[in-house]
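Position chain B relative to chain A; hints supplied.
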Amino acid sequence: MAGSLESRLGNIEELCIIIIIIIFGGGGRGPGPIGDSVTTDTSRVEALMRLIRRPPIGDSFTSDVSRLSLEAIEARLLEVNAELTRMRSHEGELNARLKELRGNKSK
Amino acid sequence: MSADFTRSVLLIGFQDQDNLGLRYLLSSVRQAGFAGRIETYTADPDPIVALAERLRPDVIGFSLIFQYMSPAFARVIEALRVAGCRSHITIGGHYPSFDAEEVLQRIPGADSIVRFEGERTLVELMQTLSRGEDWRGIAGIAHRQDEQIILNPLRPVLDDLDLLPFPDRSDIDYRGQDLPMASVLGSRGCPWDCSFCSIRPFYEAQGGKLRRLRSPAVVVEEMRQLHFEQGAEMFLFQDDDFMATGRRARRWAEDIANGIIAAGLKNRIAFKISCRSDEVHYETMARLAEAGLTHVYMGVENGDDQGLLNMNKRMKASVHIEAGEILRSLDMSFDFGFMLLEPYSTIEIVRNNIAFLDRYVGDGWTVAGFCRTLPYAGTPLKTQLETEGRMLGTPFEPDYNFLDPKLDRFYDWMLLTFYERNFTNSGLNEVLRRLNFDARLKLPNRRRFQAPERAQVRRITAECNGHALYCLRSALDYIEAMPLDDIDVRGGYLAKLTAHEKIQERRLMAELDTVNAPSFEWRRYLESDQEFRSLGGFANAWTLAPLDLPFAG
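As they're listed, the protein sequences go chains A and B. Its first residue numbered 16, the first sequence is counted upward by one per residue in the working numbering. Its first residue numbered 23, the second sequence is counted upward by one per residue in the working numbering.
One should not assume that every hint holds.
Stated by the list, open to error - DEER-style ranges, computed between Cβ atoms:
| hint | chain 1 | residue 1 | chain 2 | residue 2 | range |
| --- | --- | --- | --- | --- | --- |
| 1 | A | 90 | B | 508 | 14 to 22 Å |
| 2 | B | 504 | A | 80 | 45 to 53 Å |
| 3 | B | 100 | A | 88 | 17 to 25 Å |
| 4 | B | 305 | A | 116 | 29 to 37 Å |
| 5 | A | 119 | B | 68 | 30 to 38 Å |
| 6 | A | 121 | B | 289 | 20 to 28 Å |
| 7 | B | 408 | A | 114 | 48 to 56 Å |
| 8 | A | 86 | B | 268 | 53 to 61 Å |
| 9 | A | 90 | B | 408 | 40 to 48 Å |
| 10 | A | 94 | B | 532 | 16 to 24 Å |
| 11 | A | 114 | B | 57 | 57 to 65 Å |
| 12 | B | 359 | A | 116 | 31 to 39 Å |
| 13 | B | 243 | A | 94 | 57 to 65 Å |
Claimed, not checked - Below, a sample of chain A positions facing chain B; criterion: calculated Cβ distance under 8 Å:
| hint | residue |
| --- | --- |
| 14 | 93 |
| 15 | 98 |
| 16 | 100 |
| 17 | 104 |
| 18 | 105 |
No wet-lab data here; the hints were simulated from the structure. Virtual Cβ for every residue (Gly too), placed ideally from N, Cα, C.
So that you can see chain A by itself, here it is in the shape it has in the complex (with noise of 0.2 Å):
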């Protein structure tokens, strides 16, 4: 579990935890290997989780955006964008069906 956890999460969320970890006292155990301690606090990973709201499940982003050219980079915005508002209108059509759905139950 611990091991498909870290596998999952990209390397700057990796940091990112660890910084946070240590500057709330994640490593108030003392010194050592601090990336281990990391995954074995599965509640505080997903509180951490939940601050930089990024679920630790999906697909991290394997593309190295340095490297990308200006054409593939604008391609690449408009697919993002694209998926991104299809997502936001797909949440806004849940949040109403459960507004509605939760304002009948109440009746």
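Frame of chain A, contents of chain B only:
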């Protein structure tokens, strides 16, 4: 064709939204003892020529609503003259009222212009012609004398609109319509002085009050007759601004709502009004909603405070947001006019406008349409641009350049990308306006949209808005960053944005086919040929002439 005056008038114009202007004229001439009829304008002159040959009316009156349509009207009038028509041909409407000299010079077949409010002028013209007297001295007329155009003094406006007979609708079969939809008028005029609008100058020209109200009881009586005798269910108030302005106007509107309820029309009819955002007050809107108000059109026009100042709108953008929230809380559909660009736009104002649209309707409550301001005849804006030496184009098709040439490129790209979406009857904007209108329409004997159907329409609308706003924002960023000479609106990144928008539109259009909307009209729309889809009764709710549009400018 020989002269055979039969004391009749043939009125020709577009029939959108009943064309109340023509119908008030017809009822006035009939009340004065003349015969008359209304015929729909066609770009092909043959049907009109044939009708004129058959009827041989004393007067043929053209209702010229769209400024850019003047050359097309000129061709029809020329065809009438070539065919030997000897009727007196006159033209009325906002544009010819302001620009009578230009119209008479460019349309030699026309004898006169009936300027501004036309009922009494047309009746006097008919009376004078039928007596065989000289009509050239009639107040409110423009005509040729030798090589000159003479503008006769205008007559005062009619103070009491209740004196007008109800508009003549004898040829309209409301019961035969999918959604029997009648236009009514509660008032004429608007006191606001927005720079792009000619309504105030139109009524100000003749003096009198800037907004005249019909008595609520008279308005309701007309609605009652239309519903119980002719079957109208949906009413479109064609007032320039139904709520202008202040407490007096709100009381008047509430009196109409109370009258509708007292007349037994509640839960039998629905209606639509047009107003400004700062006139949307919860209590009044709630009372109107109780009487059947289901849709509000608002002249939003701009979402940036400086942009609103440029237009002399006299309000802040935050007021639009508040109005939208009030209408949402009352579960009303609304739509709005929006001019993303105006002659004094800056890139920053346009960017703020795009952000505003996202905040205003990003949730998909209604679809975001947008265009640019055109300096129409009679508007303060036209005068201002003339003073600044910025007016381009022709009198019939006015144009201008933006102060920032990059915005001209942006506008060119915007037209290429959004013309179909924003300005055609089968475009996504119009189709979604229709669906959102239907989605909140509450009429008896009509199955209403269920919650999931409404949610689906709202999601598609939100997507439609989201894609369009993203493309607008991206294009603006690109154009701002690039040297002017390197901006190619038909190639490179801008072309990719255009293609992206079109792909999303096509996808959403295909998805619309899965919407199980309950209206008969919608089913007929879906079953019609994709290339020739039109919007049935709903199209009558808004004026959108074929090939109207910013292309005219």
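Checklist entry - Could one say that the CB atoms of residue 408 of chain B and residue 114 of chain A fall in the range 48 to 56 Å? => result Since the Cβ atoms of residue 408 of chain B and residue 114 of chain A sit about 53 Å apart, the hinted range of 48 to 56 Å holds.
Checklist entry - At a threshold of 8 Å, is the proposed contact between residue 104 of chain A and chain B supported by beta-carbon distances? => result holds (4 Å)
Checklist entry - In this structure, is the beta-carbon distance linking residue 114 of chain A and residue 57 of chain B contained in 57 to 65 Å? => result holds (59 Å)
Checklist entry - Taking the beta carbons of residue 243 of chain B and residue 94 of chain A, is their distance inside 57 to 65 Å? => result holds (59 Å)
Checklist entry - Can we keep the residue 98 of chain A interface hint, with Cβ of chain B closer than 8 Å? => result violated (11 Å)
Checklist entry - If you check the beta carbons of residue 119 of chain A and residue 68 of chain B, does the distance land in 30 to 38 Å? => result The hinted range 30 to 38 Å is violated for residue 119 of chain A and residue 68 of chain B, with Cβ atoms some 59 Å apart.
Next on the checklist: Looking only at beta-carbon atoms, does the pair residue 359 of chain B, residue 116 of chain A fall within the given range of 31 to 39 Å?
Outcome noted: Between residue 359 of chain B and residue 116 of chain A, where Cβ atoms are some 36 Å apart, the hint holds.
Checklist entry - Would the stated hint for residue 105 of chain A survive a check requiring a Cβ distance to chain B of less than 8 Å? => result holds (6 Å)
Checklist entry - Has the hinted range 20 to 28 Å been met by the Cβ atoms of residue 121 of chain A and residue 289 of chain B? => result Holds, at about 26 Å.
Checklist entry - Once the shortest beta carbon distance from residue 93 of chain A to chain B is found, is it less than 8 Å? => result For residue 93 of chain A, the interface hint holds, since the closest Cβ of chain B sits about 5 Å away, which is under 8 Å.
Next on the checklist: Looking only at beta-carbon atoms, does the pair residue 94 of chain A, residue 532 of chain B fall within the given range of 16 to 24 Å?
Outcome noted: Taking Cβ atoms as reference, residue 94 of chain A and residue 532 of chain B lie about 19 Å apart, which means the hint holds.
Checklist entry - Does the Cβ-Cβ separation between residue 305 of chain B and residue 116 of chain A fall within 29 to 37 Å? => result At roughly 31 Å between Cβ atoms, residue 116 of chain A and residue 305 of chain B fall inside 29 to 37 Å, so the hint holds.
When held up to the earlier numbered hints, the structure conflicts with 2, 3, 5 and 15 and fits the remainder.
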